[in-house]
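Using the sequences provided together with the hints, build the complete structure.
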Amino acid sequence: MATLQGGFLGPDPGALSPAQQEQLSRFKIQTRIANEKYLRTHKEVELLISGFFREMFLKRPDDIQEFAAACRQAAGQRGMDRSHPV
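At position 68 of the sequence shown (counting the first as 1) the number is 65 in the working numbering, and the numbers step up by one without a gap.
In short, the hints are calculated from the structure, not lab data. What you were told as hints is all true, and nothing was included just to trick you.
Simulated DEER-style distance windows between Cβ atoms: (1) 5 with 67: 20 to 28 Å; (2) 73 with 53: 14 to 22 Å; (3) 14 with 48: 40 to 48 Å; (4) 46 with 5: 19 to 27 Å; (5) 56 with 16: 44 to 52 Å; (6) 46 with 26: 19 to 27 Å.
From the three backbone atoms N, C-alpha and C, an ideal C-beta is built for every residue, glycine too.
This is how it looks when you write it as structure tokens:
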């Protein structure tokens, strides 16, 4: 298994049996369907994401994770935080 940029490990094709690979594939499909249903019922998510991206592209921070944390903290101070992870 190769180490990718950032210390992440790359795929290891022989790590799963064919049955495990099939189970993983089904899980991924079910997860995508569940996520799509959630996004369709919560239209505000698109507004939150597009607002974040707009600010990120306007300000172009060097550390995006730090920028995201600051945005989350600012949202909490404005009373928009509902104690759910972003």
